[in-house]
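K.L.:
Letter by letter, the chains look like this.
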Amino acid sequence: MADDKDVLRDVWFGRIPTCFTLNPDEVTEREAEAYYLLLPRVSYLPVVTDKVKKHFQKVMRAEDVEEMWFEYEGTPLKWHYPIGVLFDLHASNTVLPWNITVHFKNFPDRDLLHCSSNSVVEAHFMSSIKEADALKHKSQVVNDMQKKDHKQLWMGLQNDKFDQFWAMNRKLMEYPTEDGGFRYIPFRIYQTLSDRPFIQKLFRPVSPEGNAHTLGDLLKEMYPDALTNDGEVKRYQILIHGIEPLLETPLQWLSEHLSHPDNFLHICVVPVPTD
Amino acid sequence: MTVQPEQADVLTRSLPLEMNCRALDEERFCRCCRLILRRSDQLRDGWSWEALQGSEGYLKKTTLRPLPAGWGPEQDGGESPGAEPAALQPDPLVSTGSEEEDADLRLPSNSSSPVLQWEYHVLYSCSYATPVLYFRAFTLDGRSLTLEEIWKSIHPNFGLRLQNCPLNAVSQQEHPLLGQPFFFLHPCRTEEFMGPVLQAALDHGRPVNYVLSWLSVVGPMVGLEVPLEYSTELHAAGCLSSTDPD
Numbered sequence: 027m028a029d030d031k032d033v034l035r036d037v038w039f040g041r042i043p044t045c046f047t048l049n050p051d052e053v054t055e056r057e058a059e060a061y062y063l064l065l066p067r068v069s070y071l072p073v074v075t076d077k078v079k080k081h082f083q084k085v086m087r088a089e090d091v092e093e094m095w096f097e098y099e100g101t102p103l104k105w106h107y108p109i110g111v112l113f114d115l116h117a118s119n120t121v122l123p124w125n126i127t128v129h130f131k132n133f134p135d136r137d138l139l140h141c142s143s144n145s146v147v148e149a150h151f152m153s154s155i156k157e158a159d160a161l162k163h164k165s166q167v168v169n170d171m172q173k174k175d176h177k178q179l180w181m182g183l184q185n186d187k188f189d190q191f192w193a194m195n196r197k198l199m200e201y202p203t204e205d206g207g208f209r210y211i212p213f214r215i216y217q218t219l220s221d222r223p224f225i226q227k228l229f230r231p232v233s234p235e236g237n238a239h240t241l242g243d244l245l246k247e248m249y250p251d252a253l254t255n256d257g258e259v260k261r262y263q264i265l266i267h268g269i270e271p272l273l274e275t276p277l278q279w280l281s282e283h284l285s286h287p288d289n290f291l292h293i294c295v296v297p298v299p300t301d
Numbered sequence: 043m044t045v046q047p048e049q050a051d052v053l054t055r056s057l058p059l060e061m062n063c064r065a066l067d068e069e070r071f072c073r074c075c076r077l078i079l080r081r082s083d084q085l086r087d088g089w090s091w092e093a094l095q096g097s098e099g100y101l102k103k104t105t106l107r108p109l110p111a112g113w114g115p116e117q118d119g120g121e122s123p124g125a126e127p128a129a130l131q132p133d134p135l136v137s138t139g140s141e142e143e144d145a146d147l148r149l150p151s152n153s154s155s156p157v158l159q160w161e162y163h164v165l166y167s168c169s170y171a172t173p174v175l176y177f178r179a180f181t182l183d184g185r186s187l188t189l190e191e192i193w194k195s196i197h198p199n200f201g202l203r204l205q206n207c208p209l210n211a212v213s214q215q216e217h218p219l220l221g222q223p224f225f226f227l228h229p230c231r232t233e234e235f236m237g238p239v240l241q242a243a244l245d246h247g248r249p250v251n252y253v254l255s256w257l258s259v260v261g262p263m264v265g266l267e268v269p270l271e272y273s274t275e276l277h278a279a280g281c282l283s284s285t286d287p288d
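For the protein sequence lines, the chains are A and B, in the order given. Residues 27 to 301 in this note's numbering are what the first sequence lists, from first letter to last. Residues 43 to 288 in this note's numbering are what the second sequence lists, from first letter to last.
These aren't lab readings, by the way, just hints derived from the structure by calculation. There's no promise every hint is true.
Said to hold, decoys possible - No farther apart than 20 Å at their CA atoms in a straight line, the calculated lysine to aspartate or glutamate pairs in the EDC-like style are these:
id, chain 1, residue 1, chain 2, residue 2
1, A, 260, A, 247
2, A, 156, B, 233
3, A, 164, B, 67
4, A, 227, B, 68
5, A, 246, B, 98
6, A, 227, B, 69
7, A, 164, B, 234
8, A, 227, B, 92
9, A, 227, B, 98
10, A, 227, B, 67
11, A, 197, A, 30
12, A, 164, B, 68
13, A, 164, B, 233
14, B, 102, A, 221
15, A, 156, B, 234
From a predicted model like this one, the values you see are computed outputs, not experimental measurements.
Here chain B stands alone, though its shape is the one from the complex (with noise of 0.2 Å):
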């Protein structure tokens, strides 16, 4: 099924028709963040905008997840009620780790309950010319993980190697709006795997929203889940049209 190109261009108004369309500009970008914002409404996923000055802004998500299964010895042996979702099991790899790394990741003993406070921004880079993640975790009393406390709780059974993922170098940088510490997935090489993404969706006239394939493919590795749901709509030809209220 094709989409004939003005549907396409009400639906994402992410697609041009030249060959050349590897760059996002800022106001495709922010295009794209409002037909994510509107599905992640629907879906109760939690987006918001946080606006700047004119139409500059950022994508933001805030979750709490609870701590991974042997991300340390739990405090006096007990657990608070709750805090595991029963999928989770102890995770023999992370489990015989040595005391020393164990320790690293150990809680302060009055914390009071094993959940972690996520924070996603999806930013406009123009000197790439792309969408960029930054992201920080905190303890519920307020302290930040560092950069191996949060690969232990995303991907306890690859330690550190994600860290030098081909795709996306992971550092420490200052938010560039806010001027705090965040993590962030260096944009350099983002181009290189939207290119074929964007050049499959042309191939097969479907339209495709920029920053949403970009956050299907990094967001997992830093734990952010991107339901298939967004795609549906997004992709959904003949549901909607600039007159949907939606």
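Bound conformation, chain A alone (with noise of 0.2 Å):
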């Protein structure tokens, strides 16, 4: 369907408004400037932040700058999450440009993962394709590409080429027609309010009688303290890609057009902002 495909760019080429500060606390030679950058959606901080890093170490001396961090109001912003998640879960309601504060002292280690080089990226990136295949097709149609298949998709994420990617993840999307959909979707829902990091279960798009089940089905097994009840104020939203997309929507559908490019379905349950 045009409309479909026309999702799937919409999804792709989201972009965020970022304002980079440096920490006030770094040692500086002389004032640093804010930076500012579109970040994608679908992409990682480390991929998209070179430019970032280049512009505050001109002001600094090398051996001040170690390993750079960015964090949002005091959190400490996990690199391996998708940029849309990390904003949608932190700062969806704020006024943009999203503020992030950059760091090159103090690496919280209990908290984020080390970053050395972008092949750290593509490797979780990759972990993550292969666990959503895991799920969907048994790890079928990922083990039958070849490395040249992987790198493929890395690089059209890398170099943000959507068909590149695309030509490749399509494969990724398919199922035998008979099933109706993925054996399970491969999803994560995330909230803030919680030491639990992500809800992560097995689900299937498909119940035993037939039936589509929806976003809202989804919630209702996983997470239903989200939903609101008839007659409730309504305390969450549930953004994927900072949208709150129906919860009647078809999760096989969701899964096929608004995963991320490791090919999760990523959802965010934020409270409602109380002005």
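Two chains, each in its own frame: build the complex with the hints.
P.N.:
Next up, the structure:
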């Protein structure tokens, strides 16, 4: 469907205007100006912030520059989460641009994974893709791909090449017609109000009776508290790529069209803002 | 000696009679863990069960181990009393490493005792239908070890080659239940090596505890010992029954 392909493009090209400011405690040789950047929702911080690092390194001495890390309002940002997920989870209802603080010291190794190079990001990305395919196809599709095909998925993401990426990713979105969908839906539900970083469990796109499961069905099973009952005031927003899809949307459709490039449906449950 | 199906079920509840038993579902995972816990209590091996909502949870073990010899220059030439067992000899391969290499492994000079705290968690991966091992290590000052330091500590003779072990890739990963950085053994190849183990057991009519068998293979790779005494109890067909208080 032409419409559906547009959705894929809209998802891929989503951007978040961001303002990077250097942590005031960093030692600089002169004042550091803020750096503005449009961040791709579907990518990862280390992949798209080379310019940020170079910009701030210009005003610092080499010995004061250790591993770069980012923080928003005191919360270290997990670089291995897609950028759009970080934004929706921490700053979805705030005024743009998204204000991120840049650090080069005191890496919080109890909170953040280390990221010494883009190959670490690539490994995480491919690991997610493999895990998603384990759920969707018992790993058959991803294992049938060659190394160069895997590389094409990563390079497509890294270089922001929609066509290159989807030429390969479409294979991961196929399923036997008679099944009506994937074996299980790869998803993660994030919430800020719990120690547990996310909810990820087995969930089928089709019920035993053959009915398509919806987003609402998934939440009812995994996180019923997120849903609003009749007559209640709405307490939570359920965000995917910054929007609230209708709860009646079939989960299989969401998985095929609103997954991130890592093939997971990342769903953020955030409290409705109280003005 | 063959084990009657009912007995096998009671002992391990882990070996269905059909051929395709490579996949481990969460219920079976929990049952295997319960048996391991029971045996761990008897052996005082230190495993505990961390429960989450419902029946969800994971196995956890923390252990203190002295630093291996050759970790780095001892602070001020002195050693803490009783720090290293007499059995540990300086490892020539490590001590002839470059200055720079040893420098990475040097403890902060105010470190009070050359002991490392290791933490092992056994979680269930629903994506791969296998157990997954997460681990990390700290100095007693609370500094987490890097992967390189961990390898040097466990396998000073093998250096970094085990990172590329064909059975498992080791990488840093967010603990899916705690949200903190751990190292983990990637589960995508587990089915490959567990398959023959389970098949062999099936062929001989032996019950097998999936989690225990798996842990016996992967544990030693990351410094986790799984004493043989675990197996003897769980395979002693005649000893256990469902009414055994144990």
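K.L.:
For each hint, tell me whether it holds in the structure or not.
P.N.:
Outcome of the hint check:
1. A/260 x A/247: holds (19 Å)
2. A/156 x B/233: With a Cα-Cα distance of about 14 Å, the restraint between residue 156 of chain A and residue 233 of chain B holds, given a limit of 20 Å.
3. A/164 x B/67: holds (14 Å)
4. A/227 x B/68: holds (11 Å)
5. A/246 x B/98: At roughly 18 Å apart (the allowed maximum being 20 Å), residue 98 of chain B and residue 246 of chain A satisfy the hint.
6. A/227 x B/69: Distance of about 14 Å is within 20 Å: holds.
7. A/164 x B/234: holds (14 Å)
8. A/227 x B/92: holds (18 Å)
9. A/227 x B/98: holds (11 Å)
10. A/227 x B/67: holds (12 Å)
11. A/197 x A/30: Roughly 16 Å between the alpha carbons, so the hint for residue 197 of chain A and residue 30 of chain A holds.
12. A/164 x B/68: holds (17 Å)
13. A/164 x B/233: holds (12 Å)
14. B/102 x A/221: Holds, at roughly 18 Å.
15. A/156 x B/234: holds (16 Å)
In summary, the structure agrees with every hint in the numbered list given earlier.
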